[in-house]
Amino acid sequence: MTVNNMADFVMPKLGADMAAGKLVAWRKKPGDVVKRGDIIADVETDKGVIEVEVFTDGVIEKFLIEPGAEVPVGTAMAIIRGEAETVPAAVVSSAVPKILPVPVPLPAPVVTVPSSAQLPSKRQRVSPAAREMAHTLGIDISTVHGTGPEGAVTREDVEHAGAFGAEEPTAEPDRLMRMRRVIAAAMSRSKREIPHYYLSESIDLHPAQIWLAARNAGRSVTERLLPGVLLLKAVALALREIPELNAQWMDEQAIPSQAIHLGVAISLRGGGLIAPAVHDADRKSLDELMRDLQDLVMRARSGGLRSSELSDPTITVTNLGERGAEAVFGVIYPPQVAIVGFGKIVERPWVVGGQVVPRPVVTATLSADHRASDGHRGGVFLAAVDRLLQEPEKL
Amino acid sequence: MTPEEIRPIVLRAIHRVAPEADPAELESDVPLRDQLDIDSMDFLRFVIELHESLGVNVPEKDYSKLDTIDDCVDYLASAIATQPTTEK
Numbered sequence: 017m018t019v020n021n022m023a024d025f026v027m028p029k030l031g032a033d034m035a036a037g038k039l040v041a042w043r044k045k046p047g048d049v050v051k052r053g054d055i056i057a058d059v060e061t062d063k064g065v066i067e068v069e070v071f072t073d074g075v076i077e078k079f080l081i082e083p084g085a086e087v088p089v090g091t092a093m094a095i096i097r098g099e100a101e102t103v104p105a106a107v108v109s110s111a112v113p114k115i116l117p118v119p120v121p122l123p124a125p126v127v128t129v130p131s132s133a134q135l136p137s138k139r140q141r142v143s144p145a146a147r148e149m150a151h152t153l154g155i156d157i158s159t160v161h162g163t164g165p166e167g168a169v170t171r172e173d174v175e176h177a178g179a180f181g182a183e184e185p186t187a188e189p190d191r192l193m194r195m196r197r198v199i200a201a202a203m204s205r206s207k208r209e210i211p212h213y214y215l216s217e218s219i220d221l222h223p224a225q226i227w228l229a230a231r232n233a234g235r236s237v238t239e240r241l242l243p244g245v246l247l248l249k250a251v252a253l254a255l256r257e258i259p260e261l262n263a264q265w266m267d268e269q270a271i272p273s274q275a276i277h278l279g280v281a282i283s284l285r286g287g288g289l290i291a292p293a294v295h296d297a298d299r300k301s302l303d304e305l306m307r308d309l310q311d312l313v314m315r316a317r318s319g320g321l322r323s324s325e326l327s328d329p330t331i332t333v334t335n336l337g338e339r340g341a342e343a344v345f346g347v348i349y350p351p352q353v354a355i356v357g358f359g360k361i362v363e364r365p366w367v368v369g370g371q372v373v374p375r376p377v378v379t380a381t382l383s384a385d386h387r388a389s390d391g392h393r394g395g396v397f398l399a400a401v402d403r404l405l406q407e408p409e410k411l
Numbered sequence: 753m754t755p756e757e758i759r760p761i762v763l764r765a766i767h768r769v770a771p772e773a774d775p776a777e778l779e780s781d782v783p784l785r786d787q788l789d790i791d792s793m794d795f796l797r798f799v800i801e802l803h804e805s806l807g808v809n810v811p812e813k814d815y816s817k818l819d820t821i822d823d824c825v826d827y828l829a830s831a832i833a834t835q836p837t838t839e840k
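The listed protein sequences derive, respectively, from chains G and C.
Taking the working numbering, the leading residue of the first sequence gets 17, the next gets one more, and so forth.
Taking the working numbering, the leading residue of the second sequence gets 753, the next gets one more, and so forth.
The shape of chain G in the complex, shown without the other chains:
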């Protein structure tokens, strides 16, 4: 039996306050077979340019809007014809079952710059400043792709080559201003609508640090874990025990999330921040979490976040790191119902077996929506995070 299902691919909502988005480019063409998770388009939002994934299997029937068009969230952008689970190689006719068009969310920069490998055969034009910068960085100027007048290599080209090799993120001149606007809208809405309550817990990280040092010793620098990964895993596992913090507030009720996708707050160079998801954090090993985190930080700062990473977080974790303050009480990102914070690790007097000893201590905090949970359960959650971190080998 053959059943054809047509589904609209719509402008995704990539953030709580996103109203519209601009199609930058299609990554596919009509007739292409797509699978769930494939990147189908680049969409520009106030947070930048995001790689938008398709959430259904099928064949692209037609595009409904052209690059450059700005349309409201929910607007049909393309029609996708559903295919059987096993799609015949390049055939377009026999189709099958179900297709759930699923929009996708948020922003991040993308843009690939021509490879530096192919240079014109004529004499290369290089500005003096670019030559000096290349010398400083030890970069072979002949490998740098020029974007100046008549293909001249500029200082900026050398900087980009040094920072990104052949690829470069889109530099939005007003990116920071637009991002601040998005953050302002989300945070204002949060403080307007969400009755926050706040809790904190001091946690002894001595066992975690000892375990981590032993685990990292002797490993290649590329295989080492950062303390923040242990904190993420502890939060993810604790959420299994207190699921009401891993939910979304919609239609006057808390809707439990089916998976634990941690939104990790990442500060961006030049200002602003973004909190893409580490998917299924409770089910990943520490090594997997570390790889995911490195990859997310890299792409958040240089371009290439995916829509699902921006739309999927079920709770946010913010970690101020070693240069931040001792505690952070975050503002919940709606429609989430909680945000967990970690301050910098500091050495403090700690009582162990009746003796005062110096211990590395981190302050874990919870800001939670009082409509979705109560302080008692919030306290149980922080206690669970503490307990889990005392046995790092089990994380």
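Be aware that one or more of the hints could be misleading.
Mimicking DSS-like on lysine-lysine, the simulated pairs with C-alpha atoms at most 27 Å apart in a straight line are [what the hints assert, rightly or not]: (1) Lys360(G) <-> Lys51(G); (2) Lys360(G) <-> Lys817(C); (3) Lys78(G) <-> Lys38(G); (4) Lys360(G) <-> Lys207(G); (5) Lys45(G) <-> Lys817(C); (6) Lys410(G) <-> Lys813(C); (7) Lys51(G) <-> Lys38(G); (8) Lys51(G) <-> Lys78(G); (9) Lys360(G) <-> Lys410(G).
By construction, these hints were calculated from the structure, which means they are not laboratory data.
Starting from the structure of chain G, add chain C where the hints point.
Same frame as chain G, but now just chain C:
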């Protein structure tokens, strides 16, 4: 390798981690963390960049020896001179 050969590699690693920084304006004897907005993930990436460029696998316990650019150059020159030639 000589310190003169290592320095631009260190600067390039810094630039990859903190592209907004102008290598020409960095002070060689001032702690990097006082001059750059870098976190632990950035620092790890910096160390990975050095590993990939020079083959030096800096142990965690030696991170504190990479405080300034001069420190990095000295440490790496010493490490390269004493390590087996198999790495990298």
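Here's how the hints hold up against the structure:
| no. | hint | verdict |
| --- | --- | --- |
| 1 | Lys360(G) <-> Lys51(G) | 42 Å, violated |
| 2 | Lys360(G) <-> Lys817(C) | 21 Å, holds |
| 3 | Lys78(G) <-> Lys38(G) | 18 Å, holds |
| 4 | Lys360(G) <-> Lys207(G) | 25 Å, holds |
| 5 | Lys45(G) <-> Lys817(C) | 53 Å, violated |
| 6 | Lys410(G) <-> Lys813(C) | 24 Å, holds |
| 7 | Lys51(G) <-> Lys38(G) | 23 Å, holds |
| 8 | Lys51(G) <-> Lys78(G) | 16 Å, holds |
| 9 | Lys360(G) <-> Lys410(G) | 23 Å, holds |
Comparing the model with each numbered hint stated earlier shows that hints 1, 5 do not hold.
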